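Chains C and H are the protein sequences, given in the same order.
Going left to right, the first sequence walks through residues 1 to 259 as the numbering used here numbers them.
Going left to right, the second sequence walks through residues 1001 to 1259 as the numbering used here numbers them.
It cannot be assumed that every hint is accurate.
As the list claims (entries may be wrong) - Okay, derived cross-link-like pairs now, PhoX-like style, lysine-lysine, Cα gap no bigger than 25 angstroms in a straight line:
| hint | chain 1 | residue 1 | chain 2 | residue 2 |
| --- | --- | --- | --- | --- |
| 1 | C | K219 | C | K109 |
| 2 | C | K109 | C | K243 |
| 3 | H | K1179 | C | K93 |
| 4 | H | K1109 | H | K1219 |
| 5 | C | K224 | C | K212 |
| 6 | C | K229 | C | K166 |
| 7 | H | K1109 | H | K1212 |
| 8 | H | K1179 | C | K242 |
| 9 | H | K1179 | C | K243 |
| 10 | C | K179 | C | K242 |
| 11 | C | K229 | C | K219 |
| 12 | H | K1224 | H | K1179 |
| 13 | C | K243 | C | K135 |
| 14 | C | K179 | H | K1243 |
| 15 | C | K93 | H | K1135 |
| 16 | C | K166 | C | K224 |
| 17 | H | K1229 | H | K1219 |
| 18 | H | K1179 | C | K179 |
| 19 | C | K179 | H | K1093 |
| 20 | H | K1093 | C | K135 |
| 21 | H | K1212 | H | K1225 |
| 22 | C | K179 | H | K1242 |
| 23 | H | K1093 | H | K1242 |
| 24 | C | K109 | C | K166 |
| 25 | C | K219 | C | K179 |
| 26 | H | K1224 | H | K1166 |
| 27 | C | K219 | C | K166 |
By construction, these hints were calculated from the structure, which means they are not laboratory data.
A quick note: this is a predicted structure, and the numbers were derived from the prediction, not measured.
Number of protein chains: 2
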Amino acid sequence: MPRNILLHVSFDGSLYHGWQMQKNAHTVSAEISHAISMATGEQAIQLIGASRTDAGVHAMDYPCHFTTESSIPADRFTYALNMYLPDDIVCRKSYEVPEDFHILADTYKKTYVYVIANRQFPMPFERRYSWHLPKELDIDAMNQAAACFLGTHDFLAFCSSDTTTKTTIRTIFDFHVTKQDEMVYLEVTGDGFLYNMVRIMAGTLREVGIGKMDPLYVKTLIEKKDRTKSGMTAPPQGLFLKKVYFHHTNEEGFSWVES
Amino acid sequence: MPRNILLHVSFDGSLYHGWQMQKNAHTVSAEISHAISMATGEQAIQLIGASRTDAGVHAMDYPCHFTTESSIPADRFTYALNMYLPDDIVCRKSYEVPEDFHILADTYKKTYVYVIANRQFPMPFERRYSWHLPKELDIDAMNQAAACFLGTHDFLAFCSSDTTTKTTIRTIFDFHVTKQDEMVYLEVTGDGFLYNMVRIMAGTLREVGIGKMDPLYVKTLIEKKDRTKSGMTAPPQGLFLKKVYFHHTNEEGFSWVES
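Work the whole structure out from these sequences, hints included.
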């Protein structure tokens, strides 16, 4: 009887061309699929991920799942896969989910964090995990701008032109900017995000933070739906997928909310 | 008139064979000397560092100095050198110091931090900058053990046998263990440290933290002066030189305490 196994993985995206399987590209899903093949002896693994992440983007807790005939106990996949995974991908949890569970259908919100190193000279330890901005950022103004994103809007002005999505309407539940020592964290939660959306929002908040854009102008930007008026696409290495929230209840009452 | 220029650098030691210039080895001092040569056009730079750091060890604030005939203003070396330094070495400050200033003679204390990722599975972002210990550590017991190091002692049991120092007596001023989420920080300040001393102290505190050694046994360890009884040498990637404290006053009253 095939089982649907869910994994929670963390990965350092520095050396990958993102999540998605691509021909001739080094991707996170290819590495995990390879580890599953090594552990189970099965070929042609269909690994379903929670999100397409861009090249260079990181994940603290990325859910993905696959079907297997293997007899490995569900919770042991964590250990079995870590034996074959490179050290920039770590499986942190594994368990069985219902046969009809599909992460893309069952996800209801996601949280991303964009990290900025806001100091004159960067620390070398941060270079793979943050965007270095030497000019002091106005955190209050950035929070005022971040609040403009809250609610349901057409985010056409905040997605890259090569997006292939059906609708550009998304709902942002929460968006806060905090500073700890010289590190600035942009934490945003929404029901979904368009291609490059968090990075363009981060680039726009930078304009506000350095005083080049009025915080409330973000409202106008959303209304204008013109990508050329919003900020630059912030570099990938500052972006972390922090958490994917999903739910499911099957007929036998096997249910959970996130995990 | 040659000037003595002091630099404060941060470096990620992951890819280096430590600070010291060595034949056919990739070292931090060789990279900085090369950058100085490129910026000044001068050859055979004599770069004097505050400490010999081991392969793989990091520094948040490492002072080093060199003599130059170049006319580059002292505070501009920061920018001039960063143009030529690789991105795992960053110069954060530069200024002129008296001709007779010598960092090794004028240093009176140093602070190191040893970082432990104390969680079941490591985060991939931490792997270059911490020691992963999955078993939960007893922080109170580790602090009790850390306190045993305070004061002036012969630390023969806490240095590698290939040490070449004249005396193994050192004074520890402060040693605290703190935990923040799942990260544990061992912060120790002393007048100087023997070869591998902080890493052996960290390995010993691990024994205490996992309940394999009584905290007060550290007193006995110090008295026994037997390296084979203390803990393992913790791996280099968890160790950071945090700060070097130095002082100087010259005849013209040019004086400062640390910086």
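Right, here's what the structure says about each hint:
The suggested pairing of K219(C) with K109(C) holds, with an alpha-carbon distance near 23 angstroms, which does not exceed 25 angstroms. With a C-alpha separation of about 8 angstroms, the suggested pair K109(C) and K243(C) falls inside the 25 angstroms cut-off, and the hint holds. Restraint check for K1179(H) and K93(C): the C-alpha separation of about 23 angstroms stays at or below 25 angstroms, so the hint holds. In summary, the hint linking K1109(H) to K1219(H) is supported, as the alpha carbons are separated by about 23 angstroms, within the 25 angstroms threshold.
Simply put, K224(C) and K212(C) have alpha-carbon atoms about 18 angstroms apart, close enough for the 25 angstroms limit, and the pair holds. Restraint check: the Cα-Cα separation between K229(C) and K166(C) comes to about 22 angstroms, which is no more than 25 angstroms; the hinted pair holds. A distance of roughly 31 angstroms separates the Cα atoms of K1109(H) and K1212(H); the hinted pair therefore is violated under the 25 angstroms criterion. Taking the CA atoms of K1179(H) and K242(C), the gap is near 22 angstroms; set against the 25 angstroms cutoff, the hint holds.
Using a Cα cut-off of 25 angstroms, the hinted pair K1179(H) and K243(C) holds, with the two alpha carbons roughly 23 angstroms apart. Using a Cα cut-off of 25 angstroms, the hinted pair K179(C) and K242(C) holds, with the two alpha carbons roughly 17 angstroms apart. A distance of roughly 12 angstroms separates the Cα atoms of K229(C) and K219(C); the hinted pair therefore holds under the 25 angstroms criterion. Simply put, K1224(H) and K1179(H) have alpha-carbon atoms about 30 angstroms apart, too far for the 25 angstroms limit, and the pair is violated.
Restraint check for K243(C) and K135(C): the C-alpha separation of about 30 angstroms exceeds 25 angstroms, so the hint is violated. Our distance criterion of 25 angstroms between C-alpha atoms is met by K179(C) and K1243(H), whose separation comes to about 23 angstroms. A C-alpha spacing of about 17 angstroms is found between K93(C) and K1135(H), which places the hinted pair at or below 25 angstroms, so the restraint holds. Restraint check for K166(C) and K224(C): the C-alpha separation of about 19 angstroms stays at or below 25 angstroms, so the hint holds.
Taking the CA atoms of K1229(H) and K1219(H), the gap is about 12 angstroms. The hint holds against a cut of 25 angstroms. This hinted pair checks out: K1179(H) and K179(C) have alpha carbons roughly 20 angstroms apart, not beyond 25 angstroms. A distance of roughly 23 angstroms separates the Cα atoms of K179(C) and K1093(H); the hinted pair therefore holds under the 25 angstroms criterion. Among the hinted pairs, K1093(H) with K135(C) is consistent with the structure: their alpha-carbon atoms are about 17 angstroms apart, no more than 25 angstroms.
A hinted pair counts as satisfied when its Cα atoms are at most 25 angstroms apart, and K1212(H) with K1225(H) qualifies at roughly 20 angstroms. Distance restraint check for K179(C) and K1242(H): the Cα-Cα separation of roughly 22 angstroms lies within the 25 angstroms cut-off, and the hinted pair is therefore satisfied. Pair hint K1093(H) plus K1242(H) holds up; C-alpha atoms about 15 angstroms apart against a cutoff of 25 angstroms. Among the hinted pairs, K109(C) with K166(C) is consistent with the structure: their alpha-carbon atoms are about 18 angstroms apart, no more than 25 angstroms.
Distance restraint check for K219(C) and K179(C): the Cα-Cα separation of roughly 24 angstroms lies within the 25 angstroms cut-off, and the hinted pair is therefore satisfied. The hinted pair formed by K1224(H) and K1166(H) meets the criterion: a straight-line CA distance of about 19 angstroms does not exceed 25 angstroms. Of the supplied pair hints, the one linking K219(C) and K166(C) holds, its CA atoms being roughly 23 angstroms apart against a limit of 25 angstroms.
The structure fails hints 7, 12, 13 (numbered hints given earlier, in ascending order).
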